[in-house]
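With chain A's structure known, arrange chain B on it following the hints.
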Amino acid sequence: MGNPLEFAFIVYGGTVIISFFVVFVIKSVYSIMKFIKKN
Amino acid sequence: MNGLDFYNLFPGISTLFSSPLLITIGRISLIILGGLLVYLGKREILEPLLMIPMGFGMAAINAGVLVLDNGAYGTLFLNPMIADYSELMSILQIDFLQPVYTYTFSNGLIACIVFMGIGTLLDIGFLLSRPFASMFIALCAELGTILTFPIAVWMGLTPNDAASIAMVGGADGPMVLFTSLMLSKNLFIPITVVAYLYLGLTYGGYPYLIKLMVPKELRAIKMPPPKKSLKITSNEKLAFAFVTCVVLCLLFPVAAPLFFSLFLGVAIRESGINHYISLVSGPMLYTATMFLGILLGVLCEASIILNPTVLKLLLLGILALLLSGIGGIFGGYLMYFFTKGKFNPVIGIAGVSCVPTTAKVAQKSVFKENPNSIVMPDALGANISGVITSAIIAAIFVTLLK
Numbered sequence: 001m002g003n004p005l006e007f008a009f010i011v012y013g014g015t016v017i018i019s020f021f022v023v024f025v026i027k028s029v030y031s032i033m034k035f036i037k038k039n
Numbered sequence: 001m002n003g004l005d006f007y008n009l010f011p012g013i014s015t016l017f018s019s020p021l022l023i024t025i026g027r028i029s030l031i032i033l034g035g036l037l038v039y040l041g042k043r044e045i046l047e048p049l050l051m052i053p054m055g056f057g058m059a060a061i062n063a064g065v066l067v068l069d070n071g072a073y074g075t076l077f078l079n080p081m082i083a084d085y086s087e088l089m090s091i092l093q094i095d096f097l098q099p100v101y102t103y104t105f106s107n108g109l110i111a112c113i114v115f116m117g118i119g120t121l122l123d124i125g126f127l128l129s130r131p132f133a134s135m136f137i138a139l140c141a142e143l144g145t146i147l148t149f150p151i152a153v154w155m156g157l158t159p160n161d162a163a164s165i166a167m168v169g170g171a172d173g174p175m176v177l178f179t180s181l182m183l184s185k186n187l188f189i190p191i192t193v194v195a196y197l198y199l200g201l202t203y204g205g206y207p208y209l210i211k212l213m214v215p216k217e218l219r220a221i222k223m224p225p226p227k228k229s230l231k232i233t234s235n236e237k238l239a240f241a242f243v244t245c246v247v248l249c250l251l252f253p254v255a256a257p258l259f260f261s262l263f264l265g266v267a268i269r270e271s272g273i274n275h276y277i278s279l280v281s282g283p284m285l286y287t288a289t290m291f292l293g294i295l296l297g298v299l300c301e302a303s304i305i306l307n308p309t310v311l312k313l314l315l316l317g318i319l320a321l322l323l324s325g326i327g328g329i330f331g332g333y334l335m336y337f338f339t340k341g342k343f344n345p346v347i348g349i350a351g352v353s354c355v356p357t358t359a360k361v362a363q364k365s366v367f368k369e370n371p372n373s374i375v376m377p378d379a380l381g382a383n384i385s386g387v388i389t390s391a392i393i394a395a396i397f398v399t400l401l402k
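The listed protein sequences derive, respectively, from chains A and B.
Its first residue numbered 1, the first sequence is counted upward by one per residue in the working numbering.
Its first residue numbered 1, the second sequence is counted upward by one per residue in the working numbering.
If we strip away everything but chain A, and leave its shape as in the complex, we get:
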C-alpha cells in the first residue's frame, strides 16, 4: 500500500463502480421479471 489517501480513493472508486453495478442488476432483474410476466 502506497499513499493511504490514494488507497482510500481507490477503495471508494471500487465501491462506487460496484454499487452502481448492483443498481444495474436491480434494474435488469426488474426488466426481466416484467418481460416474463408480459409473455
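Hint data in this document are derived by calculation from the structure and do not stem from the laboratory.
Fair warning: there could be bad hints in the mix.
[What the hints assert, rightly or not] With a Cα cut of at most 25 Å, we get these calculated DSS-like pairs of lysine-lysine: (1) B/Lys342 with B/Lys211; (2) A/Lys27 with A/Lys38; (3) B/Lys312 with B/Lys211; (4) B/Lys216 with A/Lys27; (5) B/Lys211 with B/Lys364; (6) B/Lys360 with B/Lys42; (7) A/Lys37 with B/Lys231; (8) B/Lys231 with A/Lys38; (9) B/Lys402 with B/Lys312; (10) B/Lys231 with A/Lys34; (11) B/Lys231 with B/Lys360; (12) B/Lys216 with B/Lys342; (13) B/Lys231 with B/Lys342; (14) B/Lys368 with B/Lys342; (15) A/Lys27 with B/Lys312.
Being a predicted model, the structure only gives us computed values, none of them experimental.
For chain B alone, coordinates are given in the frame of chain A:
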C-alpha cells in the same frame, strides 16, 4: 487453615488492590462504566438490547478477577488471548463463556447470524423503487469510512487496524466485527467495543447534526409521491436478493459469509416461510444479540482493553461517524439540488447504515417540523443501500489488505 485471611476469602478485592495502579483504576472505571451502560440502556438513551447485557458483563468481569492455579490473575468467564490448542481445550472446560466465544464470536458466526436477522427485517422494496437516489446517498454517507482510513494511518495505525476502525463510519456493528476479525486480530476487541458504544449514540447525536446542517424550512419539505407507483412483488425481491448475493460472492469470496447471511435473511422474508421468518427474526436474532452484548461486555477486562491505542480508536470512531453523517446530509443536499427542491435533504442521514435507527432519526426530525411529511420509505431505501455499500467497502478492504 493458616492461609485463611481476608484476602484469601475475597480474591476479587485482593486482586483489585494488588494489581498495578493503572489496572486498579481501569477495573473500577469499567465497573462504573458498566453500571452507566445499564442505566442508559434502561432509560433507552442507548440500545437496551445490547447495552444491558454488555454493561452487566463489563462490571462482572472487572469485579470477578481471581488468582488462577498458575498464579496469574484471570477470570472464570473466558480467555480471548489463548493461542495454544491444548490450552484452549482445557479452558473450554473451565471458562463458562469460552465455548460461545470460540465457536461463535471469534469466527464471525455471531455477526453473520445478526446479519441474517437484519436481512429478515429489511424490505428491499424501498430500495428497488428508487435505486439510484438511494445508492447515491449511501455512497455519500461513506465519507467517514473513506476519510478515517488515511487519518488513522497518519496517526500511526497499521493499514489493517485503520481499515477496521474506519468501518465504524458505516455504522454497522456486525460489519465492524467481521472486518476487524479478518484484519486486526490484536485490536478487534477494543475496535468492536468502540463501534457498538458509538452506534448507540447515533440515535441521540445525529438529530443535533441535522439541526446544525439543515435549516428548518428545508427539514419541513414534503416529498412528492413517486411519478409511477411501482409495485414490487415478492418474486422480484427474491430474484434481486439471489442475483445480488451471487454477484457479490463472485466478486468478493472473502466476504461471502456476510453477503450470504444478509441476502438469505432477505430471501427468507420474501419466500413467506413463516416458520423460518419467526425463527430467524425472533429467537436467533435476539439470542445472538444477547450473547453479543454479554461477550462484548466480558471482553472489556481492564488488562485487555487498557491499550494506548484505545484512545486513538475512541477519537477515530467518533470522527468516522461524524464525517459519515456530514457526508450523508451533503448527499441529501445534492439530491435536493438535482431534483430542484423536491428532495428533503434530511433523508441523507439515513445513508449511514445503522438499520433502521438513522431512518427513524430522519423521519423524527422531519415530523417535528412538518407532521404531513413522510420520508420513511425513502429513508429506508437509503438505509438498505447503506448496508450494501458498507458490505462492499468491507469486502474491498479485506480483499486488498488480508
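> Which earlier hints can't be squared with this structure?
Replying inline: Numbers 3, 4, 15, in rising order.
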